[in-house]
Amino acid sequence: MDIYSLLIQLLNGVQYGLLLFLVASGLTLIFGIMGIINLAHGSFYMIGAYMAFTLASLTGNLFVAIVVGVVLSVLLGIVLEWALFSRLYKRDHLEQVLLSYGLILVFEELRSLIVGNDVHGVAVPAVFNWSIPLTSTLSYPVYRLFMSAVCLALAGLLYVLIHRTRVGMMIRAGASNREMVSLLGLNINLVYRLVFALGVALAAFAGMIAAPVSSVYPGMGTQVLIICFVVVVIGGIGSIWGALAAALLIGLADTFGKVLIPEAAGVTVYLLMAVILLWRPEGMFKRVG
Amino acid sequence: MSRKRIALGAALVFLALFPVAGSAFYTELVTKVMILAIFALSLDLLVGYTGLVSFGHAAFFGIGAYTLGLMAPKYEAANLWLTLPAAILATGIAALAVGVFVVRVKGIYFIMVTLAFAQMFYFVFHDTKFGRGSDGISMNFKPVAAIGGFTPFDLGNTTHVYYFVLLLLLGVFAFLRTILRSPFGRALMGIRSNEHRMRSLGFPVYRYKLASFTLAGALAGLAGYLSALQFGFVNPELLSWHQSGNVLLMLILGGVGSLYGAIVGAFAFVALAEIFQALTRHWQLLLGAAIVMLVIFLPGGLASVAGRFRRTLVGEADDE
Amino acid sequence: MKATRNIGRRCGAIAVAGIAAGLLLSAGAALAQQPKVKIGLMLPYTGTFAALGTAITNGFKLAIDESGGKLGGREIEYYTVDDESDPAKAPDNANKLIKRDQVDVLVGTVHSGVALAMSKVARDNNTLLVIPNAGADDITGPLCAANVFRTSFSNSQMGIAMGKVMAEQKKKTAVTLTWKYAAGDESVGGFKESFEAGGGKVVKELSLPFPQVEFQSYLTEIAALKPDVVYVFFAGGGAVKFVKDYAAAGLNKTIPLVGAGFLTDGTLEAQGDAAQGLLTTLHYGDGLNNPKNNAFRAAYSKAYKAEPDVYAVQGYDAAQLLIVGMNAVKGDTAKRADLVKAMEAAKLDSPRGSLALNKGHNPIHDIYLRKVEGKENKVIGVAVKDLTDPPRGCKL
Chain G
0 MDIYSLLIQL LNGVQYGLLL FLVASGLTLI FGIMGIINLA HGSFYMIGAY
50 MAFTLASLTG NLFVAIVVGV VLSVLLGIVL EWALFSRLYK RDHLEQVLLS
100 YGLILVFEEL RSLIVGNDVH GVAVPAVFNW SIPLTSTLSY PVYRLFMSAV
150 CLALAGLLYV LIHRTRVGMM IRAGASNREM VSLLGLNINL VYRLVFALGV
200 ALAAFAGMIA APVSSVYPGM GTQVLIICFV VVVIGGIGSI WGALAAALLI
250 GLADTFGKVL IPEAAGVTVY LLMAVILLWR PEGMFKRVG
Chain L
0 MSRKRIALGA ALVFLALFPV AGSAFYTELV TKVMILAIFA LSLDLLVGYT
50 GLVSFGHAAF FGIGAYTLGL MAPKYEAANL WLTLPAAILA TGIAALAVGV
100 FVVRVKGIYF IMVTLAFAQM FYFVFHDTKF GRGSDGISMN FKPVAAIGGF
150 TPFDLGNTTH VYYFVLLLLL GVFAFLRTIL RSPFGRALMG IRSNEHRMRS
200 LGFPVYRYKL ASFTLAGALA GLAGYLSALQ FGFVNPELLS WHQSGNVLLM
250 LILGGVGSLY GAIVGAFAFV ALAEIFQALT RHWQLLLGAA IVMLVIFLPG
300 GLASVAGRFR RTLVGEADDE
Chain S
0 MKATRNIGRR CGAIAVAGIA AGLLLSAGAA LAQQPKVKIG LMLPYTGTFA
50 ALGTAITNGF KLAIDESGGK LGGREIEYYT VDDESDPAKA PDNANKLIKR
100 DQVDVLVGTV HSGVALAMSK VARDNNTLLV IPNAGADDIT GPLCAANVFR
150 TSFSNSQMGI AMGKVMAEQK KKTAVTLTWK YAAGDESVGG FKESFEAGGG
200 KVVKELSLPF PQVEFQSYLT EIAALKPDVV YVFFAGGGAV KFVKDYAAAG
250 LNKTIPLVGA GFLTDGTLEA QGDAAQGLLT TLHYGDGLNN PKNNAFRAAY
300 SKAYKAEPDV YAVQGYDAAQ LLIVGMNAVK GDTAKRADLV KAMEAAKLDS
350 PRGSLALNKG HNPIHDIYLR KVEGKENKVI GVAVKDLTDP PRGCKL
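Protein chains in written order, with numbering that gives the first Met the number 0: chain G, 0 to 288; chain L, 0 to 319; chain S, 0 to 395.
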């Protein structure tokens, strides 16, 4: 592999990793701050992608679709937390696992009922629908660069939110000690609701911007969920930095694995996980708060 | 004779006589359920009695199935007495290897790493040449149960397979019951109630958990082997996390922490699935909604009231 | 307490009685005699191959309608199962049709992996199976059987044809890319066989799991390797995305892309400009000017308000084959040996041209070379005439 291809594959790996981070950050926030294991997180990614598809077909504009979609997913998150997840804080893990597993089935079938089971493409917005020639043979789609930029920006915003704002302080406090926080007069329920909605919105948003490059298909939620679990396991539950580092690591391992050892590409990521777990059973970084 | 004994006796007679009355299709169906019951029993050891919630148990089911698929020669039949122990052994070794990693962590971490390791095995069978890929492996011949020229039963015969599986189900049940009544089993239940206390009492908790994990895995491998034997076909989806989720659901339906519960749960799950499937194409919606309702609306948690399902059929409540 | 226990037992007893009654009823129903011919359609109606399943069904039913709506003088009862292109569910689905619904003929499917499982169940139960798409080489090779027929193709045929054409065009190096399953592996294998026999070399064989469509890293690798030609096998939704991604990466300007015809069949509308000029090989194409094809296309458009594609042709031919056989035995499916003999000897007038079956019950037909022009796959020549599979261990 010559140096240009190496650099481009690096770019591919980072782009994939950043997208994974977006989804995984929501998952690790919900884990770390609320202590809830939510298997349906991948479904939010899928819901986001299908929302992008239907809204973009209706409005003809992907950006409008994304804005509307984000609003809808925040609402979805609030409703879900209020109706279902708020009851799980004191329950044991088996029940959380089962409830969220049941939710996956519900979401998948609802999607099947409402939109059907076909594979759909989403058009890349015209403003980004061109490619930059990088080598004599290969051009790089600008939309992918846009995606990476957006993911990076969001990562930055997330950091600022968690570590530099009052809301972030409340969130971190709530993660450490829920009772104390409510004794201090803060509405911990509202904080939890917002965190959950934020997690849902992040996953859905990731699905929406990824839709043009990954296509919209039924199995997409499940696929991303498992990888995100690995990201969170490697990065450390509750740690945003961990999620970022792990997501990039996995993005690169997956991308290079596909072309260097095509046969074992799927296994590479898990071998990586096994190695890291040997070294650090609870992930690379400690949790937030 | 207690009411429970009568009900159990009736169930046993029903199972024993079923192939005589039912059609080939339904005999096969009940065989399939009994295999799932063995699978559920194996997980119950881990979840119900040791308190370790694994979301990757389907991996061991699949490894047992694939052992037969990979060992089966192309142009002749495999030998049952060779391949069955091989499957259990291979799965046990895999479970031991995975256990070494995962038993170190608890709670949410344990759930996630078991899921992740199961996915790894899934990809080994789905992607690599060794695993033969996403189409799975078709066995041209069913295994034969021959020992030195003498064949006690014919594994190509639906009824013979049914009784073979029934015997194994009873065997696994008896085996687990014995184990759980032994000091080893009591220690596992102690770990489930309070791990710190067991550790402070001097029990090598890690080793007990690892033993439980390995044993549970090996038994799941047995179930997987039987499944491959029944259909002559293995496929990576046997290791999918949907299977891992389904077997957990079986435990919940029947009552976690009860051996009878595991068996009843398997029947209940398949019955529910068949009923929902007959109702609508989108039956998974009903199943998912039922699961969500089950978790949310049962006060005092699931175990106490989900056991109601079991108690309705069996009679009295009895904690094994 | 006592009351609850009694209710519990009563419920339990009712449940058991209900289950037993249900089982006996269905067993009884299965034994009753049916004068209608039961045809089991096991095809994908959801997922990436949904459009193919629908086209096959349409073509099949069109042929039946054209012959009076009956098979060998008997009315038809259809049993349909959506196999979701999922090999894991295939044995269950096939068993349901064969054992529970007791179909006389099984027709299906699209996905090769599903078909492999299906054909095993059909062989085990000696049910007549006609395959209107899935091209797994082994089904009419080492796994061939008297009761299994195919009216589509075998996977390697398209690759063999294209490999020959590329070698004749003096291309020296190639890279292949496909989904990692039977259809993909065999198609690429066929290409490699004839391309290297003609003096070329396949420098790298890439693959990704079915049905994934994230191609970016593979496109980068192809660009780095700079082969003379790239041969791919994709179908349905995946084919649409790949052609578009290939163009978005600018590769279509420098490295020619060729493939089995499924890359551009039924997908041109969605692929648009990205597909223009692509060369593919298939046993069907647009502009085939024979009377049967013209009549077929007219009838299909009229009945279904859509243009037929190769999948519709294959479904149509599956029905034609059954019609020939059933007419020969006057609808008596019990006369299996005669039915099979008639089907084996059939020389069908197919929209693709003439169609005969080889010893393994696989089509012997012309493979055309096509080029995408506008919204059509224009036939520009015959890549291989009367292509029949090399012997692969069929013992029929």
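Hints in this document: simulated from the structure, not taken from any laboratory.
Computed from a predicted structure; not experimentally measured.
Incorrect hints may have been included.
Result set (BS3-like, lysine-lysine): computed pairs, CA atoms no more than 25 Å apart in a straight line [claimed, not checked]: (1) L:K31 x S:K88; (2) S:K37 x L:K128; (3) S:K88 x S:K37.
Here are some chain G residues the structure puts well away from chain L; computed CB gaps all over 12 Å [to be verified]: (4) I35; (5) L57; (6) R86; (7) S130; (8) T134; (9) Y142; (10) V229.
All residues carry an ideal CB built from backbone N, CA and C; glycine is no exception.
For each hint given before, does the structure comply? Return the numbers of the non-compliant ones in rising order.
2, 4, 6 and 10
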